[in-house]
Amino acid sequence: MNPIAKAREAVSTHGAPAIPKHRTAGHDSSADTANTSVVALRGTAVRVGGRTLWSGVDLRIGAGEFTAVLGPNGVGKSTMIKVLLGALPAAAGDVRVLGARPGQANDRIGYLPQRRSFDATLRIRGIDVVRMGLDGDQWGVPLPFPSARRRADRARMDEVIELVGATAYAHRPIGQCSGGEQQRLLIAQALVRRPELLLLDEPLDSLDLPNQSAVAALIGRICHQEGVSVVMVAHDVNPVLHHLDRVVYLAEGGAATGTPGEVITSGTLTRLYGTPVEVLRASDGRLVVVGQPEAPALHIDRHDTPGSNHDAR
Amino acid sequence: MTLAETGAPAWSWNLLSDFQEMWSYPFMVNAFRAGAVVAVVSALVGWFVVLRRQTFAAHTVSLVAFPGAAGAVLLGVSAVYGYFTLCVAAALVIAALRGGGDHHESALTGTVQAFLMASGFLFIALYRGLLEGPQTILFGTFLGITPSQVTILMAVGAVVLAVLAVIGRPLLFASIDPRVAAGRGVPVRALSVVFLVLLGVATAEASQITGTLLVFALMVIPAATAQLLTARPALSLALAVLMAFAATWLGLTAAYYSPYPLGFFVTSIAFAGYLLALGWRSLHALLASRIGARLTSAQVGA
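Those protein sequences? They're chains A and B, same order as listed. This note's numbering numbers the first residue of the first sequence as 1 and each following residue consecutively. This note's numbering numbers the first residue of the second sequence as 1 and each following residue consecutively.
Hint data in this document are derived by calculation from the structure and do not stem from the laboratory. All clues given are correct.
Quick partial rundown of chain A residues pointing at chain B, CB under 10 Å, derived from the structure: (1) Leu-85; (2) Asn-106; (3) Leu-112; (4) Asp-119; (5) Thr-121; (6) Leu-122; (7) Arg-125; (8) Val-129; (9) Arg-172; (10) Leu-186; (11) Gln-189; (12) Ala-190.
Since the model is a prediction, treat every value here as computed from it, not as a measurement. Every residue gets a Cβ at the ideal spot worked out from N, C-alpha and C, and that includes glycine.
Next up, chain A with everything else stripped away, as it sits in the complex:
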């Protein structure tokens, strides 16, 4: 049996029918609630190269909520982030981000693109990379005199580096930091300007398992303690599952949104995949998805690390 509960992936491209959206009663998007929500999608569809990736997505994310975007590969999870950033227009429906059209409020959004690692020979300190998030987009040279502004910037950087637990290595060249350390510094970079919304594209990808859960816990803590809404594209729901407030499950042409308890169920996943899927709850609370089509080898490799295959026999 598959050891990892993968509430995700691998719907074979043929047999999946378009699924009508699954909505629960509590999240009705009337006009007035849309104003208070950080992200509001109504009947949104996205088309890339003439192909509709997903459509009919309704989603409302409140302040300080942790949302994961899940789904099979190639279904357009990262595209969701691009739509929220305004980099890609929605083909249909209405999108509001922080009460404005996408792209209008990007200075209040922290964005962490899909995993990028820094070259080992890059001689720039972690703290400089964090600083880029603070004022890297400003023209001109900063004045070299001490000022209140300068002290405030310094304090904010120390604060955010402390928050992600990177104080010990923030002054090391970032190329010499490990993947997990780099990811923490990049999260600090995305957070340094106190964004109201954090968009994370596969932040756990290619981290080892202990780092996956540590970074997931960090993101959950930031979300709930600092009141930053988080939208995170994820491959594997497990490291983040017990931090999540809301799940968006994308599949061919359709989507399901709601709390994890509502979406990651046998009934919903069976409808999304068009094939019988069973969701079991393990004794430690992890969800195990059984009966989904085989995951592609690519994703099996990713979990082929010591500690993850202890019960795979």
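Given chain A's structure and the hints, the job is docking chain B onto it.
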């Protein structure tokens, strides 16, 4: 060919009188002025070249300076115009080729580079009056730098520094982390084109001192040395400038008092600095690991 052959000035170890003697010749004053401008400009631009890993682009642009200068001489205009025209044109061509976003342009760049070098060689052959053949263009000279040339170098250098001061921070952001920078509204593509033009201009300036083949002596070596020594951007930039400046002025002094060419001295001094920095880094790493090992063993013992 060199001053030494005409009436060798002797180095006396009295620095004041040595510099007074050197600077009693207007052409040496011009050379030191031009060298200072070129050192500052190319070290700063070169720092970003090293950070962005664009040394191949820099190499191409610097080679293109050769047919530029040779062609200008053949046409009977000052080589200065040839340097600037062709270097900036080459930078723009590279920027246009980059348009696809890929790095498939290297073969095409190499092809065009070879052709342009050959053209430069032809220009030299066609122009029979050139006394020293391609040597001064390829390896640099400090003789015959005119006051008007210094003025041009200074004016162009000031423009480069001003542009760099304005775009510096976004350029650093776009160099380290282009996707996040783009997400923050930094015009990454436009900055890359502007930077290539700056690279072209800085290369054209440096070519006039070090020659087109030794541009890297001022462009890459000081920046690489500085980045070895520190990971702080501001300090690193300052160190790069200091080292390029030192290499140029020491090189000029050495070339004045010895029979050997300027390009050799500038490059060798910069290279010696690089080796010293490399040695210092290795020593530092070795000591750090020693101390680290001692600490761990002390902890285990406790």
